[in-house]
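Same order as they appear, the protein sequences are chains S and E. Residue numbers are given in numbering that gives the first Met the number 0: position 44 of the first sequence equals residue 43, and the series is strictly consecutive. Residue numbers are given in numbering that gives the first Met the number 0: position 389 of the second sequence equals residue 388, and the series is strictly consecutive.
Since the hints were made in silico from the structure, they are not lab data. Quantities reported herein were computed from a predicted structural model and do not represent experimental measurements. For each residue, glycine too, the CB sits at the ideal point set by N, CA and C. Check the hints yourself; a few may be wrong.
Derived PhoX-like pairs (lysine-lysine); straight-line CA-CA distance at most 25 Å [said to hold, decoys possible]: (1) S/39 <-> E/240; (2) E/391 <-> S/42; (3) E/86 <-> S/42; (4) S/59 <-> S/1; (5) E/39 <-> S/42; (6) E/49 <-> E/39; (7) S/59 <-> S/89; (8) S/11 <-> S/1.
Now the in silico label distances, taken between C-beta atoms and shown as ranges [stated by the list, open to error]: (9) E/432 <-> S/38: 49 to 59 Å; (10) S/13 <-> E/461: 34 to 44 Å; (11) E/239 <-> S/102: 56 to 66 Å; (12) E/461 <-> S/30: 42 to 52 Å; (13) S/37 <-> E/432: 48 to 58 Å; (14) S/30 <-> E/462: 42 to 52 Å; (15) S/42 <-> E/392: 42 to 52 Å; (16) S/42 <-> E/431: 33 to 43 Å; (17) E/357 <-> S/13: 39 to 49 Å; (18) S/29 <-> E/245: 31 to 41 Å; (19) S/40 <-> E/284: 32 to 42 Å.
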Amino acid sequence: MKRIEAIIQPHKLEDVKEALKAIGVDGMTITEVRGHGRQKGHKEVYRGMEYQVDLLPKVKVEMVVADARREEVIRTLATAARTGKIGDGKIFVYEVADAIRIRNDDRGDAAL
Amino acid sequence: MGNLSVPVRRALVCAFTFLSAAALFTSVAMAQNAAPDLEKRLADLDKATKAAQMAGDNAWMLTSSALVLLMTGPGLALFYSGLVRRKNVLGTMMHSFILMATTTMLWAVIGYSIAFAEGTPFFGDLRYLFLHGVGAAPNVDYGPTIPQQTYMIYQLMFAIITPALISGAFAERMKFSAMLLFMTLWSLIVYFPMAHMVWGKGGFFNASLGGQIPAFDFAGGTVVHITSGVSALVCALYLGKRLGYPNESMRPHNLVLSVVGACLLWVGWFGFNAGSAVNAGSLASSAFVATHFGAAAATLGWMFAEWSHSGKPSVLGAISGCVAGLVAITPASGFVQPFAAIVIGAAAGVVCFLMVTAVKRQFGYDDSLDAFGVHGIGGTLGALLTGVFATKEVNDVFSGRPMGWIDGNPGQVLNQAAAVGVSWVLAIVGTLIILKICDAVVGLRVQEQDEVQGLDLSMHGEEGYNFES
C-alpha cells in the first residue's frame, strides 16, 4: 500500500476531488497548509510597515491506495491539479506498513 | 443654549396674536371674565411647548448617549482587536469592554462631580458625590431642556471611551491588573480635571461658562483625544516595544473586525459630536454635517496620500483616515462651516498618515495601534484649526464678537494652543506619575512567556477562536 501526499493549489481542490472520485478513489484527508517551493511570496503593507509573506496557502491531499492503483492515481491527480505555472505543487509517495478499518478490524488492502 | 427655536417662537407669537384678537372681540361682546381665562391658556401653552422641546431634546440626548457607548463597545473593541495578533484578540477587546464597567463606577461616585460641579477652575467640588442632586431637574448651565441625569449619563460615555483609546498604545503587553489600576488613576488625575477645565462651569478654558482663557472644544479634541493620545505615547515609551518588534511579523489578524469597528465609530460619532449640542436644534444638525464631511474628507486624504506613496490604497488606510478625520473635527464640529470641516478632515487624513508611517518609523517607538499618531496628533491639529475656522455664523458663543481667525480674531489660535499645551502637559506628567505608581504596586508589563503565549490565555484563560469545538 502506498500513501500518496499531494500539495496543490487551493483553487484546484475541486478538480482533484472530482477526478479522483471518477476513478473510484473516495477516501482522502484534506488539510489546509502553508508553504512554498520556488514560488515567491508577496508583500503586504499595514500603516507603512512592510511584511514579506513567504508562507503561501496550499492544500494537502492525502490518501492510501493499493500498490496496483498507484500510477493511475498519481497520473489522475497530477493532471487535475496542473495549471502549468510555478506553484502547482508536488506529489510524494510513501510506503505504508499496514491499514486497519476501525469499524470492523479489516486489515491490509481490504481496509482501503 | 435652551433658547426656543425660531419656528416655535413664530408659532407662539401667532398664537398670542390670535388669542389677543379673540379676547378683544369676546370682551367687547361680553365684557366679563375674559382676562383670567386667557392667562391660564397662555400658561398652559407655555408649559406644553416647553415639554415638547424637552421631549425632543431628551430623546436626542439619550440616543446620543447610546451612540457614544456604541463607539466603545463594540466600535473601538472591534477596531483595535482586529489589528492585533490572534492570540491577543480577547484581551484587547477586554481593554475597551471592562472600562464600560469600571469608569461607570468612578463616574457615579466622584467623576461627575469633579468634572461638572462648580469649584475651582481646575476641578469641581463634591456637591455631586454619589450623584447627589443629579435627577430629573435640568442643570441650566449645561442642558436647560434635559434632565441633569441625561447630561450626566451622556458625559459618562465620553469618560468611558477616552481611557479606552489609550489601550491602543500598550496593546499585547500590558498586565490586566495594572491596566485597571492605571485607568482608575488616569480618570481621576487626568480626565476628570481636564473635562472640568474645558466643559465645567468656571473651568479655566471654558469658552461659554466663564473661562479665563476661552478655548473652543465642542466635543473633546483636547479633553478626549489629546489627553488619551499623548498619554498613549508616554505609555508606549515607558512600557517599551513588544517582543520581536519591529522585525517579527505582527500583521493585523482580522481587518474585517476593524472595518466593522470603524463603521460603528463613524456612526457613533454623530452622538459624540452632534450630541454635544445638548439639544436637538439646528446646532446639532450643523455638528452632524461637519462631522460627516470631516470623516469623508479625511478618508480620501489618507487614501490618496497612501496610494501615491505606496502604490496601493489600503483598506486599513481608509479606515484609519476616517478615524483621524473624526478626531480632528471633534473640537471643531459645533463651530465651523461644512466646507471648513472638509479642509480640517483632509488635513488630518494626510498629516496622520505621515505621522503613522514616516514619523513613527523614524523614531521607532511601538505605539501598537497608533493611538498617538491618530488621536494625539489628530486632536492637536483639530484643536488648532478650530481656532482658525470657528465662526459666530455657526455658533455665536461670544455674543456677536468674533470667534476664530476667519471671523477676524486670529488670537483665538493662541487660546487654542494654550488649551492644547495644558492637555499635553497634564497628560505627560499625570501619565508618568501614574505609570510609576502602577509599576511599583503591580508591575506594568506581562512576563515574557505570558506575552509570547498571548494575553487571551495568560491574562484571561481563554482563546478567541476555537475552531475545533
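Status of the hints after comparison with the structure:
1. S/39 <-> E/240: 30 Å, violated
2. E/391 <-> S/42: 50 Å, violated
3. E/86 <-> S/42: 23 Å, holds
4. S/59 <-> S/1: 16 Å, holds
5. E/39 <-> S/42: 77 Å, violated
6. E/49 <-> E/39: Roughly 15 Å separates the two Cα atoms, so the pair holds.
7. S/59 <-> S/89: Distance of about 10 Å is within 25 Å: holds.
8. S/11 <-> S/1: 23 Å, holds
9. E/432 <-> S/38: 49 to 59 Å: Holds, at about 54 Å.
10. S/13 <-> E/461: 34 to 44 Å: 36 Å, holds
11. E/239 <-> S/102: 56 to 66 Å: 57 Å, holds
12. E/461 <-> S/30: 42 to 52 Å: Given range 42 to 52 Å: violated, Cβ gap about 26 Å.
13. S/37 <-> E/432: 48 to 58 Å: Taking Cβ atoms as reference, residue 37 of chain S and residue 432 of chain E lie about 57 Å apart, which means the hint holds.
14. S/30 <-> E/462: 42 to 52 Å: 20 Å, violated
15. S/42 <-> E/392: 42 to 52 Å: 49 Å, holds
16. S/42 <-> E/431: 33 to 43 Å: At roughly 39 Å between Cβ atoms, residue 431 of chain E and residue 42 of chain S fall inside 33 to 43 Å, so the hint holds.
17. E/357 <-> S/13: 39 to 49 Å: Distance hint for residue 357 of chain E, residue 13 of chain S holds at roughly 45 Å.
18. S/29 <-> E/245: 31 to 41 Å: Roughly 36 Å apart at Cβ, these two residues keep to the hinted range, so it holds.
19. S/40 <-> E/284: 32 to 42 Å: Hint violated: Cβ distance 51 Å, outside 32 to 42 Å.
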